[in-house]
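Model the full assembly from the supplied sequences, consistent with the hints where possible.
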Amino acid sequence: SSGINAEYGESWVNERVSPYLQESQQEVVDCLLEQCQSVEENLSRASPFAVGIHQLEMQRIKYMATDYLRTRLKKIEKYTEYALEEQKGQDGEESVLKLSPGEFSYAREFHRNFQNHLKETALKHMPNPFNDIKKSQSVTAPNLNSFVFFKVKEDIRDVLVDPRELPKDLSEGEIHISKFLPIATLLDQGKINLV
Amino acid sequence: MDPSQVEFIAEKELVSILPNFSEDKLYLISGEVGPFQPQVAVDVPLWLAVNLRQRQKCRIVTPSWMDVEVLKSKKAEELESNLFTKPLHPHFMEISKILLGNSQDILNSDEVRTLVKDIWDIRAAKLRKSVNKMVTHDDGGGQLLAHVEISNITSLEINAIKTFFTASLDHLHNLRNHAEICLQNLNRQT
Numbered sequence: 005s006s007g008i009n010a011e012y013g014e015s016w017v018n019e020r021v022s023p024y025l026q027e028s029q030q031e032v033v034d035c036l037l038e039q040c041q042s043v044e045e046n047l048s049r050a051s052p053f054a055v056g057i058h059q060l061e062m063q064r065i066k067y068m069a070t071d072y073l074r075t076r077l078k079k080i081e082k083y084t085e086y087a088l089e090e091q092k093g094q095d096g097e098e099s100v101l102k103l104s105p106g107e108f109s110y111a112r113e114f115h116r117n118f119q120n121h122l123k124e125t126a127l128k129h130m131p132n133p134f135n136d137i138k139k140s141q142s143v144t145a146p147n148l149n150s151f152v153f154f155k156v157k158e159d160i161r162d163v164l165v166d167p168r169e170l171p172k173d174l175s176e177g178e179i180h181i182s183k184f185l186p187i188a189t190l191l192d193q194g195k196i197n198l199v
Numbered sequence: 011m012d013p014s015q016v017e018f019i020a021e022k023e024l025v026s027i028l029p030n031f032s033e034d035k036l037y038l039i040s041g042e043v044g045p046f047q048p049q050v051a052v053d054v055p056l057w058l059a060v061n062l063r064q065r066q067k068c069r070i071v072t073p074s075w076m077d078v079e080v081l082k083s084k085k086a087e088e089l090e091s092n093l094f095t096k097p098l099h100p101h102f103m104e105i106s107k108i109l110l111g112n113s114q115d116i117l118n119s120d121e122v123r124t125l126v127k128d129i130w131d132i133r134a135a136k137l138r139k140s141v142n143k144m145v146t147h148d149d150g151g152g153q154l155l156a157h158v159e160i161s162n163i164t165s166l167e168i169n170a171i172k173t174f175f176t177a178s179l180d181h182l183h184n185l186r187n188h189a190e191i192c193l194q195n196l197n198r199q200t
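Chains A and B supply the protein sequences, listed in that same order. When we follow the numbering used here, the leftmost residue of the first sequence carries the number 5, and every step to the right adds one. When we follow the numbering used here, the leftmost residue of the second sequence carries the number 11, and every step to the right adds one.
In case anyone wonders, no lab produced these hints; they're calculated from the structure. None of the values given here were measured: they were computed from a predicted structure. For glycine and all other residues, C-beta sits at the position ideal for the given N, C-alpha and C. Everything hinted at is true.
So the derived label-pair ranges between C-beta atoms look like this:
| hint | chain 1 | residue 1 | chain 2 | residue 2 | range |
| --- | --- | --- | --- | --- | --- |
| 1 | A | Gln59 | B | Asn142 | 43 to 49 Å |
| 2 | A | Gln193 | B | His181 | 29 to 35 Å |
| 3 | B | Thr173 | A | Asn120 | 31 to 37 Å |
| 4 | B | Val145 | A | Leu185 | 16 to 22 Å |
| 5 | B | Gly41 | A | Glu113 | 37 to 43 Å |
| 6 | A | Arg116 | B | Gly41 | 41 to 47 Å |
| 7 | B | Thr124 | A | Thr189 | 43 to 49 Å |
| 8 | B | Ser91 | A | Gln94 | 44 to 50 Å |
| 9 | A | Leu122 | B | Thr124 | 55 to 61 Å |
Here it is, written out as structure tokens:
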């Protein structure tokens with residue numbers, strides 16, 4: 005479980021730094037919270053010395069989990085339509101679902117409520133051509149070309165970090181700055197970490 | 011990321027302590043710790059070490075890189091080199107701040123504090139210079155740099171410049187792309 009914890013720490017930082025949602029790590033979060041639960045249940049049997057330490061550790065883990073979920077929710081609220089469109093377009097077998105089931109239903113609710121709010125407060129009172137939301141113009145897309153710092157976890161050959169230059173080899177332990185889009189697949193494959 | 015979150019991550023690093031009590035192994039979610047024997051050095055995560063110290067249950071052993079001689083030679087190395095040298099520890103600033111806060115255990119804490127701050131300042135100056143170089147880079151073709159390697163830099167240093175630096179790069183690239191598109195349109199019309 006220390007392995008899960010270390011990996012989860014990296015996923016947390018990746019989610020905080022990246023401009024858009026990463027693949028949902030809901031199972032890892034659920035697993036960690038389950039472990040917290042079982043520790044809490046066994047707490048009555050532990051020595052008074054250990055109780056305080058276990059509680060401290062659980063607070064830390066819960067903080068990481070809640071901050072992770074909070075960051076994802078903020079991104080969902082900012083890019084609701086974009087996320088929903090992306091999810092809908094992924095119906096094949098190889099689909100990588102960025103939103104967990106809970107997040108997906110939250111996104112739908114939020115989207116519906118927000119549209120209603122706009123209609124009720126403003127659009128209803130406007131003359132005819134303008135009184136509905138034009139879908140194509142209202143989607144806020146995340147800026148996938150924003151710059152990020154990343155750290156290389158294993159040697160990778162022939163990476164096209166800049167489309168105007170030749171592909172480069174990246175070695176383990178280096179830190180680079182580049183646009184997010186060229187290295188997004190490397191991030192999904194776990195070969196790099198955002199910093 | 012918040013600086014406090016970078017510190018949170020640094021608190022997972024291991025430090026050596028000398029407990030003054032005796033306890034069995036502890037099976038924490040993030041790994042095993044212990045067993046604890048009086049005056050026998052054991053490695054624990056920083057957050058646990060600080061907590062035990064506050065409860066007067068241990069003494070913290072000064073990390074090997076927080077020794078005055080090591081720091082002096084590191085500072086000299088940092089002054090000589092133009093690039094960043096390998097940092098004392100990937101989280102040297104956060105750990106030294108936390109440990110020096112409980113300064114009873116660290117030897118020569120004042121000198122250590124000054125030296126660490128000096129090293130930090132030298133690195134910060136280098137960082138400012140390289141940011142400047144990257145932004146004003148011109149290889150003759152009027153193209154902006156879209157990729158740079160900058161190893162040997164710590165998370166806290168990255169975090170200090172990240173928001174401002176990445177936002178500026180975004181804006182610069184946007185402006186440059188927009189200017190190119192306008193130029194292309196102009197050329198097409200004439």
